[in-house]
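**Q** What follows is each chain in one-letter form.
Number of protein chains: 2
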Amino acid sequence: MIRVGICGYGNLGKGVEAAVYNAPDMELAAVFTRRDPSGVRLRTPNVPVVPFSKMDEYRDRIDVIVNCGGSATDLPETTPAIAGNFHIVDSFDTHAKIQEHFEKVDAAAKKGGKVAIISVGWDPGLFSLNRLYMNAVLPNGNDYTFWGRGVSQGHSDAIRRIEGVLDARQYTVPVEDAMKRVRSGETPTLSARQKHTRECFVVAEEGADLDRIEREIKTMPNYFADYDTTVNFISMEELRKNHLGIPHGGCVIRSGKTGVNLETSHTMEYRLNLESNPEFTGSVLTAYARAAYRLGNQGENGCKTVFDIAPALLSSVSGEQLRAKIL
Amino acid sequence: MIRVGICGYGNLGKGVEAAVYNAPDMELAAVFTRRDPSGVRLRTPNVPVVPFSKMDEYRDRIDVIVNCGGSATDLPETTPAIAGNFHIVDSFDTHAKIQEHFEKVDAAAKKGGKVAIISVGWDPGLFSLNRLYMNAVLPNGNDYTFWGRGVSQGHSDAIRRIEGVLDARQYTVPVEDAMKRVRSGETPTLSARQKHTRECFVVAEEGADLDRIEREIKTMPNYFADYDTTVNFISMEELRKNHLGIPHGGCVIRSGKTGVNLETSHTMEYRLNLESNPEFTGSVLTAYARAAYRLGNQGENGCKTVFDIAPALLSSVSGEQLRAKIL
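If you read the sequences in order, they're chains Y and H.
Note that the first sequence covers residues 1 to 327 in the numbering used here.
Note that the second sequence covers residues 1 to 327 in the numbering used here.
Derived from the structure by calculation, the hints contain no laboratory data.
Warning: the hint list may mix true and false statements.
Which copy? The list can't say, so a pair holds if one copy fits it or any two copies do.
With a cut-off of at most 30 Å between alpha-carbon atoms, the simulated DSBU-like pairs for lysine-lysine come out as follows [what the hints assert, rightly or not]:
| # | residue 1 | residue 2 |
| --- | --- | --- |
| 1 | K111 | K54 |
| 2 | K195 | K54 |
| 3 | K257 | K180 |
| 4 | K180 | K195 |
| 5 | K325 | K97 |
| 6 | K54 | K104 |
| 7 | K241 | K180 |
| 8 | K97 | K110 |
| 9 | K195 | K110 |
| 10 | K111 | K325 |
| 11 | K180 | K54 |
| 12 | K325 | K195 |
| 13 | K111 | K97 |
| 14 | K97 | K218 |
| 15 | K241 | K195 |
| 16 | K111 | K180 |
| 17 | K97 | K54 |
| 18 | K325 | K110 |
| 19 | K325 | K180 |
Based on the provided sequences and hints, a complete structural model is requested.
**A** Next up, the structure:
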């Protein structure tokens, strides 16, 4: 059994816990937290909850750490710190800083003789993989990524920071007509507005100025100003009843040409429809934790991304069985 | 530049030729054929056409061979024979015999210190990869593969063998309603008939017994008897006008559950829509030829499948650029 440690027990950590629980070849060895461990209740029985500061004491009891912190401030610090002592997987998703993160983690992992796999999840992650495969097979073409319909945590948080807002959920919604055009082989240039719309469900304080809140949302730079945004004011009851889930998904579509004169058209599409973003992302991380452990056992070290991992390393099934049943 | 040799110059060989022509880091070094070389005209200028029997003379002039023979009788012989002397990629697709082929090729490639990648294409190939990724991420679930709408060469050939038939094209067509059910997260048990229908376009000899031909098609064991089949008799002119292309495609859909009690549903889908099956398959083979060459340069040897190839090996772009642009 591969002994997994989870670092951070929010929604993503819980998703990893469930995936490890259902994996035939893995067991949860410990959960590390910065909170008071006595306040953390796991769903897996008989697993210790340990202060983050004591992780090093578990070096002989854990094969791989899944780091479930946030990309903004947590992962840039903790992944390099942990990578010197453990094989590790994280879901770092700040695109602009991936190379910087990669280099720091690589140095730490090489020094410790460990394997780290960063930016694992579905985007970055499975979507990136599909962009790579599609580009390698059809080097002449264009690809498009659409997200949603799904909850954007960042946009929901941005709305919550507006005065008079008690709670909010923001759904990112792909524009059906744009997807249809791309799927049909067209290669349009699409603005942010032409690709996605934004749907907001907002619970306001009693007596709040709803017009002002709506205006502040719709004109917020970076988050909403470049999109067609709809704002729906709802009650706290309705939010709790209809908007507590964290669904997400989306698709990557590439249309490309082959032939000596690039006269032949093809489209490739990869699509996800996820009832729970953190549970699915946790499942991806868990599969890559298996790969990190195996690569470590093969004597590899340093930082990798999903691009560097041979697919068979993700599966609990043997090479011969994979060739017999899945190839 | 990676120097590629193509073995066999049918539709697939021509597809590889076009993909190599459009690859920034590859060049076509020679085409090997069992036909009279003087009768073979390539689309790439200044490339020698060489009798198959003289391939060994090209050991120092070729980095990797793409074997474009057929799976029934050609590849089982030629891939093991070539794998002792060259890195090689093939598209062997007789599912039941993959393990046998793998072992023969593996022994030859190991003896020669070469890398072979077998069963490359889209199914087996990209579809297999997606089945593997989907199963690794969602181990609890069901997956479904649908093919088409596209031309099945084997079924078209089977019709052509019927007395009184001059020419024929058979299209495999996925049942829309079945795909819709699977996409929605249902996990039905589907018979062959419930997943695909078969559409035949047949040119008959003048005066042939059309009823008999239609009956012989519809009752043909293995090929048609288990499917709802429609037979359309058309003129040779119509066949030439509307049915000379070799389109294909299809999709892999997996629906699976996550959560400690498997209470959360997700669906993953991979879809291809190909205007030319051999050109697309040739493009996949070309990307894997790059990987075979690189693995060979790293000192690897033996037989691999798409499951064993890290995705970055397929791309002409550097790791740092991939992380910056595609991750």
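**Q** Check K325 against K97 for me: Cα-Cα at most 30 Å, and say if that holds within a copy, between copies, both or neither.
**A** between (39 Å within a copy, 12 Å between copies)
**Q** Check K195 against K54 for me: Cα-Cα at most 30 Å, and say if that holds within a copy, between copies, both or neither.
**A** neither (46 Å within a copy, 55 Å between copies)
**Q** Please work out whether the CA atoms of K325 and K195 approach to 30 Å or closer within one copy, between two copies, in both situations, or in neither?
**A** Only across copies: K325 and K195 sit 19 Å apart there, 38 Å inside one copy, limit 30 Å.
**Q** Quick one: K257 to K180, C-alpha cut-off 30 Å, is that within a copy, between copies, both, or neither?
**A** both (18 Å within a copy, 28 Å between copies)
**Q** Pop the pair K111 and K180 into one bin, within, between, both or neither, using alpha-carbon distances up to 30 Å.
**A** neither (49 Å within a copy, 51 Å between copies)
**Q** Go through the copies and call it for K111 and K97: within, between, both or neither, with a Cα cutoff of 30 Å.
**A** Answer is within; shortest intra-copy Cα gap is 22 Å, inter-copy 45 Å.
**Q** Can you tell me if K180 and K195 fall within 30 Å by alpha carbon in one copy, between copies, both or neither?
**A** Both: 11 Å inside a copy, 24 Å across copies.
**Q** Checking K111 and K54: alpha-carbon separation at most 30 Å within a copy, between copies, both or neither?
**A** within (21 Å within a copy, 51 Å between copies)
**Q** Is it within, between, both or neither when you check K97 against K110 at 30 Å Cα-Cα?
**A** within (20 Å within a copy, 42 Å between copies)
**Q** Classify it for me, K241 with K180: is the Cα-Cα distance of at most 30 Å met within a copy, between copies, both or neither?
**A** between (32 Å within a copy, 28 Å between copies)
**Q** How do K111 and K325 come out at 30 Å by Cα distance, when the copy is not named: within, between, both, or neither?
**A** Only across copies: K111 and K325 sit 28 Å apart there, 39 Å inside one copy, limit 30 Å.
**Q** Indicate which option fits the pair K325, K110 if close means a Cα-Cα distance not exceeding 30 Å: within, between, both or neither.
**A** For K325 and K110, only the inter-copy Cα distance (25 Å) is at most 30 Å; the intra-copy one is 36 Å.
Violated hints, listed in ascending order, are 2, 9, 11 and 16; each of the other numbered hints is respected by the structure.
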